[in-house]
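**Q** One letter stands for each residue in the lines below.
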Amino acid sequence: MSGSNLRPATTGDPMSETEFRQETMVINMGPQHPSTHGVLRLLLELDGETVVACKPIVGYLHTGIEKNTEYRTWMQGIAYVTRADYLSPFFNELAYCLAVERLLGIEAPPRAQVLRVMFCEMNRIASHLVWLATSGLELGAVSVMLYGFREREQILDVFEAATGLRMNHAYIRIGGVIMDLPPESTERIGDFIDMMPGRIHEFETLLSTNPIWLERNVGVGVLPPEDALRFGVTGPTLRASGVPRDVRKDEPYGGYDTYEFDVITRSTADCFARYEVRLEEMKQSLRIIGQCLERLREPGPVMVEDPKVRWPAQLEVGPDGIGNSNAYVQHIMEESMEALIHHFKMVTEGVHVPEGETYQVVESPRGELGYYVVSDGEHRPYRVKIRDPSFVNLQATAEMVEGGLIADAIAVIASIDPVMGGVDR
Amino acid sequence: MIAAELAERVRAISPDVVIARDEVTAFVHPEELLGTLAGLRDDAELSFDALSSLTVVDWPDRVPRFWVAYELYSMAHRHRLRVKVGLPAEDPRVASITPMFPTANWHEREAWDFFGVVFEGHPDLVRILLPDDWEGFPLRKTEELGGVDTRYQGAFIPPVDRRTT
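The listed protein sequences derive, respectively, from chains A and G.
Letter by letter, the first sequence follows residues 1 to 425 in my numbering.
Letter by letter, the second sequence follows residues 1001 to 1165 in my numbering.
Worth flagging that the hints you see were computed from the coordinates, not collected in a lab.
Each residue gets a CB set at the ideal place from its N, CA and C atoms; glycine is no exception.
Don't take each hint at face value.
Computed cross-link-like contacts, SDA-like style, restricted to lysine to any residue with a CA-CA straight-line distance of at most 20 Å [as the list claims (entries may be wrong)]:
id	chain 1	residue 1	chain 2	residue 2
1	A	LYS55	G	TRP1112
2	A	LYS249	G	ASP1022
3	G	LYS1141	A	ASP376
4	A	LYS249	A	VAL263
5	G	LYS1084	G	PRO1131
6	A	LYS55	G	VAL1126
7	A	LYS67	G	ASP1022
8	A	LYS55	A	THR24
9	G	LYS1141	A	VAL304
10	A	LYS67	G	VAL1148
11	A	LYS308	A	MET179
12	A	LYS249	A	TYR259
13	A	LYS283	A	HIS379
14	A	LYS283	A	ASP376
15	A	LYS249	G	VAL1126
16	A	LYS67	G	ALA1076
17	A	LYS67	G	LYS1141
18	A	LYS345	A	HIS379
19	G	LYS1141	A	LYS249
20	A	LYS345	A	LEU405
21	A	LYS345	A	GLY300
22	A	LYS345	A	PRO312
23	G	LYS1141	A	THR63
24	A	LYS345	A	THR73
25	A	LYS67	G	GLY1136
Beta-carbon label-pair distances, calculated as ranges [claimed, not checked]:
id	chain 1	residue 1	chain 2	residue 2	range
26	A	ILE341	G	PRO1060	32 to 38 Å
27	G	PRO1099	A	SER208	19 to 25 Å
28	A	ARG150	G	LEU1145	53 to 59 Å
29	A	VAL347	G	ILE1157	29 to 35 Å
30	A	HIS352	G	GLU1144	20 to 26 Å
31	A	GLY105	G	ARG1127	16 to 22 Å
Covered stretches of chain G, going by a simulated chain A footprint (3 or more residues, C-beta under 8 Å) [claimed, not checked]:
id	segment
32	1012-1023
33	1051-1063
34	1089-1100
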């Protein structure tokens, strides 16, 4: 760190202006601080109110997800990776499953692919809403916090009805998704996408011309495109710097090349540009969800037929609230020994993946989410590496914060939208 | 560019190239890493100007044991390439690519943290996700899952898999 206050004292009048200016203070922001989005710690060197140097320190939320996946079956891996970036669980599941599917040489049925895209886009809106809510709170717009979480709750209700959980769903599985939509889901999602444009307009009227919001965001935390590319920044933060990079368009996966949507960019590269990009992206996600609902009119399977891949159980919620189909339980317990053996092998060992390695990227709400998956031919992953976008984007923090005011550091961190669960894994 | 064309083009810079599942992988000698990456970046048709990811895979029974995988991406041509470098079991070290790709800074720190691979010339090669005083490199295959004593109320509690009660 340059210009540290730990250097030997120089001679001369200690009260002269040059001497006084050299006196800097090193403070810790975090790891426990309401505006660090979890447990991010910033080591800040301050000259008065101005940040001279900034060093992000991460790792407080490390849970060893990558190591854990090596000790579980391929299918159990989904339950781990979905907990990495907890605000974008569907994206983690999707990237992991696409990677495993490529190693297996299989592809999910069309209806499963549409469901995956639809849940990912709803997840993107939910994640951007949390971003809007928390950054609003950090910059003093408390009402936005309440509205953001209110709208997000409606998305989580749909998730809960379809997957059983509000977060960490493990809904996307190797070879498809675990089950089809419950009744009336499409109506609820349809109502949501009808309601949402009005709500987004409400956010815009609250913030886009709000003098305090403009004062805190316009011209703050500028990241020129060449710096963004140097630090490997991706996602809305990169697009706000004017680079139209979106994995959904550049390297389409899961059928994204068949949907109509625009890549949103801004050229001012400041916190306000990132706000605008995320708000516009929510509208594009609504467009994609609308197209998904059209395609979901076609019924079809949601999981591959291969019995060596698909989960053996048949699920239905019975009157006791338990999810196993009674007919299926009777079949394996009383009628067929082979079915029981197959069920046992699939549950305990599961799918065997041929030897090889692959790298799969998807566009998560925070940028390029990559999974490098290595198999040695066993029933467990040999190595799963998660390239989390927040982890990489945080490297650019110093570039945006240094030279600005300490209050702007809050706005900058908020505008990157880091999720520490993904950073520390 | 389709995988076969890409592989052919890469072979002009680095001869050992394989294609698997439409993904191209180049195997590079550790001492030639920087020169190869510069060549891949400066070739107009390849222009691998972005590093997407960097990680290590540990194969204790293979020689060399540690394989560093660099995932390269071309912003202009939108194609990908994996560059792999094999490092020995004893004292694995390779040149840092942080001066060439600043984004590699944290990736290399993570690889050091988890696998103990030294990246020579890295500006600040210290642990990133684990505590500074951690001993060992937990993502090596020779290290167990868990297995860390936990201090609780003045005593050390053994890890879950080694508790007797």
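**Q** For every hint, state whether the structure bears it out.
**A** Hint-by-hint comparison with the structure:
1. LYS55(A) to TRP1112(G): Answer holds: LYS55(A) to TRP1112(G) is near 19 Å, not above 20 Å.
2. LYS249(A) to ASP1022(G): holds, 19 Å
3. LYS1141(G) to ASP376(A): The hint holds at about 13 Å.
4. LYS249(A) to VAL263(A): holds, 8 Å
5. LYS1084(G) to PRO1131(G): violated, 29 Å
6. LYS55(A) to VAL1126(G): holds, 13 Å
7. LYS67(A) to ASP1022(G): violated, 27 Å
8. LYS55(A) to THR24(A): OK: LYS55(A) and THR24(A) at ~15 Å, within 20 Å.
9. LYS1141(G) to VAL304(A): violated, 33 Å
10. LYS67(A) to VAL1148(G): holds, 14 Å
11. LYS308(A) to MET179(A): OK: LYS308(A) and MET179(A) at ~18 Å, within 20 Å.
12. LYS249(A) to TYR259(A): holds, 10 Å
13. LYS283(A) to HIS379(A): Violated, because 41 Å separates the two Cα atoms, which is more than 20 Å.
14. LYS283(A) to ASP376(A): Since the Cα atoms of LYS283(A) and ASP376(A) sit roughly 43 Å apart, the hinted pair is violated (cutoff 20 Å).
15. LYS249(A) to VAL1126(G): Status violated; Cα separation ~37 Å.
16. LYS67(A) to ALA1076(G): With Cα atoms ~35 Å apart, LYS67(A) and ALA1076(G) exceed 20 Å; violated.
17. LYS67(A) to LYS1141(G): Given that 20 Å is the threshold and the Cα spacing comes to 9 Å, the pair holds.
18. LYS345(A) to HIS379(A): Distance ~11 Å between LYS345(A) and HIS379(A) Cα, so the pair holds.
19. LYS1141(G) to LYS249(A): Distance ~37 Å between LYS1141(G) and LYS249(A) Cα, so the pair is violated.
20. LYS345(A) to LEU405(A): violated, 60 Å
21. LYS345(A) to GLY300(A): violated, 27 Å
22. LYS345(A) to PRO312(A): holds, 10 Å
23. LYS1141(G) to THR63(A): Within the cut-off at roughly 17 Å; holds.
24. LYS345(A) to THR73(A): holds, 12 Å
25. LYS67(A) to GLY1136(G): holds, 14 Å
26. ILE341(A) to PRO1060(G): 32 to 38 Å: Check passed, 34 Å falls within 32 to 38 Å.
27. PRO1099(G) to SER208(A): 19 to 25 Å: violated, 41 Å
28. ARG150(A) to LEU1145(G): 53 to 59 Å: violated, 41 Å
29. VAL347(A) to ILE1157(G): 29 to 35 Å: holds, 32 Å
30. HIS352(A) to GLU1144(G): 20 to 26 Å: Holds, at about 24 Å.
31. GLY105(A) to ARG1127(G): 16 to 22 Å: At roughly 39 Å between Cβ atoms, ARG1127(G) and GLY105(A) fall outside 16 to 22 Å, so the hint is violated.
32. 1012-1023: It holds, with 3 qualifying residues against the three required.
33. 1051-1063: Per the Cβ count (6), the hint holds.
34. 1089-1100: violated (count 0)
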